[in-house]
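Peer 1: Here is how the chains run, residue by residue.
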Amino acid sequence: MTTRTEFLSRIRTEVGKTPGLFSARTAPRPSDPRAVSETIKRELAERWPQALERFQLEFERVAGVFHRAASIAVVPQVVAGIARENEVRRLVAWDAPELGADLLDALTARGLEPFAMPPGDLADATERAELRRRVADAELGLTGVDLAIAETGTLVLRSGAGRPRSTSLLPACHIAVFDRTALIETLGQAGVFLELWNRGELEGRIGAVTSFITGPSRTADIELTLTRGVHGPKEVHAIFVDQAIRG
Amino acid sequence: MSETDLSVPFRRRAGSALGDKHLQEALTIATTKFIGLRRDAFDEFPEGERLRDLAREIKEATLQHLHRYVEQLIDSVERLGGHVHYATTPEEARRVVLDIAARTGARMAVKSKSMASEEIHLNEALEAAGVIPIETDLGEYIIQLAHERPSHIIAPAIHKTKGQVADLFAKELKRQVAADPEELTRIARVELRQKFLEADLGITGANFAVADTGTVVLVTNEGNGRMVTSLPRVHVAVMGVEKVVPSMTDLMVFLQILAKSATGQKLSVYTTLVRGPRRPGELEGPDEFHLVLLDNGRIRQIAGPLREALYCLRCGACLNVCPVYRQIGGHAYGYTYPGPIGILLTAMLEGPGSVKDLAHASSLCGACADACPVRIDIPKMLVELRREIHEARIAPWTERLAYGLMEKVLASPSLYRWSKPLARLLQRPFARDGRIRSVPLAFTEWTRTRDLPALAPQTFHEQWPTLK
Ligand code: SF4
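First to last, the sequence lines map onto chains A and B. Throughout the first sequence, residue numbering follows my numbering, covering 1 to 247 in sequence. Throughout the second sequence, residue numbering follows my numbering, covering 1 to 468 in sequence.
Treat the hints with caution; some may be incorrect.
Said to hold, decoys possible - Using 25 Å as the maximum straight-line C-alpha spacing, the simulated BS3-like pairs for lysine-lysine come out as follows: (1) B:Lys33 x A:Lys234; (2) B:Lys21 x B:Lys33; (3) B:Lys195 x B:Lys171; (4) B:Lys420 x B:Lys408; (5) B:Lys420 x A:Lys234; (6) B:Lys380 x B:Lys408; (7) B:Lys33 x B:Lys162; (8) B:Lys356 x B:Lys380; (9) B:Lys380 x A:Lys17; (10) B:Lys468 x B:Lys420; (11) B:Lys174 x B:Lys195; (12) A:Lys234 x B:Lys380.
Stated by the list, open to error - Far from chain B, by Cβ distances over 10 Å, these chain A residues were calculated: (13) Glu14; (14) Leu122; (15) Arg180.
Rather than coming from a laboratory, the hints here were simulated on the basis of the structure. Don't be surprised by glycine CBs; every beta carbon is placed ideally from N, CA and C.
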């Protein structure tokens, strides 16, 4: 078997044989991603209505369904509306602190069967298997959003404790709730946040996966006919909350 | 599968593709559609051209220090609890995956589309070892059921009609289904959902791997990439060593042009950034993460004539615009990677001898280089490859003889002068209306599918003195 040393030294030897095709540099990185990310957010504090408008336009172009709610208290009503339209009621949600609010009672009151994900890992294998079955059987998945990118209508979700990957993946309908603190304008800006999240201080606290989600799952593999909901959700809803979710 | 059988010469494989009316139609529709979608996406995106230059520069900069970035990638992955493996050959790569499967007692593996795993013929090896491989990309799933190979990098089953897919599902899944893409997709969703939940092993490729953070990046539209990296207890990513990019900032440059080039989308539906195994506190995700770094001929090209082919993002744009690919489709090429870039990659993986015919399956029109998001100069490398094949005496003797004579004649003014009357004499039995439609003996191949212009009664060179 090839070892690390052999493998790397072979690459080094070949690299040493050539000066390359032309002089080239990698993309300039933000030296202080935290400062840059804060500047982005500060600027967005004024420009957010334009960004939101663009987000809605692009999100709808990729077949997302956009909703707007005055405050987080109105969200259960919107969710119930989506459930009614799809004639479903089983819902799984991120843990309340990750979502930004505890909506379980309000959802139950509106006739749904909501279930919140545990705040961390489960030690017991049977319990874990049972939970997975529950998520696989759920029809609706309710999550928060870490970034909403206007340029592409993309939702960025980090995995982690209380925010498992499957909530936005297994149910046929994904509902994501966000406010203006998540809004950014471009993919380039998203890069600054990725630089930030993957650095020392945050590294240990976030989960292993960051998902960029741009509309519902789709394929055109049979005769180029666009079909939605191959493996991931068939529907993606984004609920924008006007009043900041976390007070 | 005669059309992909390598014992059949390329011209016969191409010939049978040209005779397949359905294939011709499917290819025209698909490639024309992709070309339009790509053009619209870039028209709407004025920064596109600058980003293409930037992306090209990043690829080159990465190659100039590849050892450093690969080392950084390895360290980052290991720091997060992942394991890195090194494979010089396809056999070695297969062995690594089989060992992991055996050690973890895996019985079933779900796979998201990965050209690297096609390249090393992983499925056959898994099957032989008693592990059931399941392709989960819908197109790949269809061709796996049909025991075929992908015909396009990003649309593997474009050569199949919905009727053929319905028949296939009826036979293999024992379900009667209408020949309706929506319905067929629904059946596949149900079938594959169960597999995702049952499988022990998730196998993926990688569109990129970020050295700075140890992140493997998967781009899909269906969501199978997310399933495969979230549900099974072990995740193995197999990746060509050239896929490394230095930082998240670099990654974003590529993401801005990749989907636009491939399908005309601003971004594919899912871009999944995976950093090692499940973290403490995380409910889901694999317990083990393995990254297999694959050489298979790539490393020696860092300083070789095919260096630029190492920039390739596998977007498929060069296939869609290629007048040869558009006529013959992916199968006729006979190897894992079709189209113009496929010829270069095949030469890289299998050696130049493997493409002695394929190297000529290009009109050198340059459409591929124009479409390529990282502006790979494919035609230049094809010409270089033809020269190498000629010099290595891999080309047929007739061709070598013809080019050898040509070289002598063109290099010497007196020979050139004498050759003209001789050539006029020789062409007399074959030339009609200024064209030579067939030549005899060992040279017939040359004129089987094309005409040669006959030598003019007076060449420009001969006319020159009188023109003055
Ligand atoms: S050579 Fe360029 S156009 Fe062709 S698949 Fe690779 S990146 Fe895409």
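Peer 1: Next step is simple, just say for each hint if it's right about the structure.
Peer 2: Going down the list of hints, with the structure as the test:
1. B:Lys33 x A:Lys234: holds (24 Å)
2. B:Lys21 x B:Lys33: holds (18 Å)
3. B:Lys195 x B:Lys171: Satisfied, since the Cα-Cα distance of roughly 19 Å is no more than 25 Å.
4. B:Lys420 x B:Lys408: Holds. B:Lys420 to B:Lys408 sits at ~14 Å (cutoff 25 Å).
5. B:Lys420 x A:Lys234: violated (70 Å)
6. B:Lys380 x B:Lys408: Between B:Lys380 and B:Lys408 the Cα gap is close to 24 Å, so the pair holds against 25 Å.
7. B:Lys33 x B:Lys162: Within the cut-off at roughly 18 Å; holds.
8. B:Lys356 x B:Lys380: Roughly 16 Å separates the two Cα atoms, so the pair holds.
9. B:Lys380 x A:Lys17: holds (21 Å)
10. B:Lys468 x B:Lys420: holds (21 Å)
11. B:Lys174 x B:Lys195: holds (17 Å)
12. A:Lys234 x B:Lys380: violated (45 Å)
13. Glu14: At about 4 Å from chain B, A:Glu14 fails to clear the 10 Å cut-off, so the statement is violated.
14. Leu122: violated (6 Å)
15. Arg180: holds (22 Å)
Checked against the numbered hints listed earlier, the structure breaks hints 5, 12, 13, 14; every other hint is satisfied.
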